[in-house]
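Undergrad: Residue numbers (numbering that gives the first Met the number 0), protein chains in the order written: chain A, 0 to 253; chain B, 0 to 120.
These are calculated hints, taken from the structure and not from any lab test. Check the hints yourself; a few may be wrong.
[Claimed, not checked] If we take Cβ atoms under 10 Å as the criterion, some of the chain A residues that face chain B in the derived model are:
| id | residue |
| --- | --- |
| 1 | R26 |
| 2 | T32 |
| 3 | S33 |
| 4 | E74 |
| 5 | T77 |
| 6 | V84 |
| 7 | N113 |
| 8 | F157 |
| 9 | L163 |
| 10 | V165 |
| 11 | Q166 |
| 12 | Q229 |
| 13 | V232 |
| 14 | I235 |
| 15 | Q239 |
[Claimed, not checked] Below, computed lysine to aspartate or glutamate pairings styled on EDC-like, alpha-carbon distance capped at 20 Å:
| id | chain 1 | residue 1 | chain 2 | residue 2 |
| --- | --- | --- | --- | --- |
| 16 | B | K92 | A | D238 |
| 17 | A | K151 | A | D139 |
| 18 | B | K44 | B | E27 |
| 19 | A | K228 | B | E75 |
| 20 | B | K109 | A | D238 |
| 21 | B | K92 | A | D139 |
| 22 | B | K109 | A | E181 |
| 23 | A | K228 | B | D72 |
| 24 | B | K1 | B | E88 |
| 25 | B | K109 | A | E114 |
| 26 | B | K32 | A | E79 |
| 27 | A | K100 | A | D155 |
| 28 | A | K61 | A | E181 |
| 29 | A | K133 | A | D155 |
| 30 | A | K158 | B | E114 |
| 31 | B | K117 | B | E88 |
| 32 | B | K32 | A | D82 |
| 33 | A | K151 | B | E75 |
| 34 | A | K124 | A | E114 |
| 35 | B | K109 | B | E88 |
| 36 | B | K117 | A | D82 |
| 37 | A | K158 | B | D107 |
| 38 | B | K109 | A | D85 |
| 39 | A | K228 | B | E114 |
| 40 | B | K92 | A | D233 |
These figures come from a predicted structure and were not determined experimentally. For every residue, glycine included, the Cβ atom is placed at its ideal position computed from N, Cα and C.
Single-letter residue listing:
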Amino acid sequence: MSIQTENMKEIFGKIDDLKAVFKVGERILPILTSLIDFMGEIIPLLENINTSISDSTNQMPKVSNQINNVTSATELATTEILDLVDEISNELNDIEQAITKILELNQTRDDKFNEIIKHVEKNDKVIELLNEYKTISTYDDTFNIVREVLAKISNDAFKITMSLQVQDITSQQLSAVNHLIESVNTRLTGLVKEIDSSDLKKEFGSMKWEDSESTHFDGNASYIDREHKQQEVDQIISDQKQVASQEEIDKLFS
Amino acid sequence: MKKVILIADDSPTIRKFVAFSLTMQGFEVVAAKDGMEAIEQLPAKKIDLIITDLNMPNLDGFELIKSIRQNQDYVELPIIILSSLAGSEEIEKGMSCGANSYLVKPFDPKRIQYEVAKYLN
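Isolated chain A (complex conformation) (with noise of 0.2 Å):
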């Protein structure tokens, strides 16, 4: 055989290859076009992806600063009111210690009308008129009333400033909340960070958030159930106390 032919078998064969080849590529390309497909599909959606965490992202120091403002302003309005109720209370002690004042040189005006009917004994009229007036000036009934008021407004004054304190634990949970958002922004930055680097260092590298470190809370504080709270913990500390008490009889006896 010449070489010719042997090239020529070679050729055939190289063909032949190719064949299948283009079979199989007849076979895939379905498949391929498929996948162009999805994929055309899928990178809009991706993108639609990144831009909406990117925008949520960015949303959340706005978030996070909001709710410091909020605390804010509560812890100044609570503020307020408790210098207020402070006034009140102030006003109020003012208004009883007046009360007890009155009630006092009513006392010694009684006194004097004694001194004087003793002086007007022979003047039945006299007598007459003078005790009449006396009954006639004589507030004490009101005073009291007056005085029971009072203190009941003060003990309502107080009630209030107890309820205030429900602002210090939401302050405390909403310092958590934001502990938390700053958390899911962190993981969410770190998420993009991969997608479109140049970007996010443009967009978070001019936001600002508040520093964090500066807010202490406890984010399991809760306004209900205050009282059973206070018997949980006195009863620890009185566990606690006991066994004290029972490593000194040990220790007694050893």
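Dock chain B against the given chain A, drawing on the hints supplied.
TA: Below, chain B alone, put in the same frame as chain A:
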């Protein structure tokens, strides 16, 4: 002469409320916004009792109590913890640091008045 109580808490509301509850009982109340400020205030005035929060910036309540107890002048100074933390771990830690009482937030003013009276009257 009025007995002086130092309240250390980063919440202005709580500082105000404690002051409100105790001044009406005839005590003088001075306030510090964290443990560090409380330490600074101690030598400036004769303090008869301390009420402290646990979660505070700069110096927390545990460190404040420890630091006070290390000073021989304040070994006997009554310290009341006032915190929203109510777990047995925190209570145990607080008491072992040297606190005398542990009150939980939100607190009943009558209870704090009672605790203060226990040490000062």
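Undergrad: Next pair to validate is K109 of chain B with E88 of chain B; report whether the Cα-Cα distance is within 20 Å.
TA: Given that 20 Å is the threshold and the Cα spacing comes to 26 Å, the pair is violated.
Undergrad: Check whether the Cα positions of K32 of chain B and E79 of chain A lie no farther apart than 20 Å.
TA: Between K32 of chain B and E79 of chain A the Cα gap is close to 18 Å, so the pair holds against 20 Å.
Undergrad: May I ask you to test the interface hint for F157 of chain A with respect to chain B, counting a Cβ-Cβ separation under 10 Å as satisfied?
TA: holds (7 Å)
Undergrad: Given Q229 of chain A as an interface hint, is its Cβ closer than 10 Å to any Cβ of chain B?
TA: Since chain B brings a Cβ to about 5 Å from Q229 of chain A, closer than 10 Å, the hint holds.
Undergrad: Starting from K158 of chain A, check that the Cα of D107 of chain B is at most 20 Å away, please.
TA: Answer holds: K158 of chain A to D107 of chain B is near 10 Å, not above 20 Å.
Undergrad: Can the restraint linking K32 of chain B and D82 of chain A be considered satisfied, given a maximum Cα separation of 20 Å?
TA: holds (18 Å)
Undergrad: V165 of chain A was flagged as interface toward chain B. Is the shortest Cβ-Cβ separation under 10 Å?
TA: With a closest approach of 7 Å, the V165 of chain A hint holds.
Undergrad: Is the interface hint for Q166 of chain A satisfied, with its Cβ closer than 10 Å to some Cβ of chain B?
TA: Holds, about 5 Å.
Undergrad: Does V232 of chain A meet its interface restraint, that is, does its C-beta lie within less than 10 Å of any C-beta in chain B?
TA: Holds, because the Cβ-Cβ distance from V232 of chain A to chain B comes to roughly 5 Å (cut-off 10 Å).
Undergrad: Below or equal to 20 Å on CA atoms is what counts here, so check K61 of chain A against E181 of chain A.
TA: holds (11 Å)
Undergrad: Does K133 of chain A pair with D155 of chain A here, judged by a C-alpha cut-off of 20 Å?
TA: violated (35 Å)
Undergrad: Compare the distance between the alpha carbons of K228 of chain A and E75 of chain B with 20 Å, and conclude whether the hinted pair is satisfied.
TA: Cα-Cα ~28 Å, so violated.
Violated hints, in rising order: 1, 2, 3, 7, 19, 20, 21, 22, 23, 24, 25, 27, 29, 31, 33, 35 and 36; the structure is consistent with all others.
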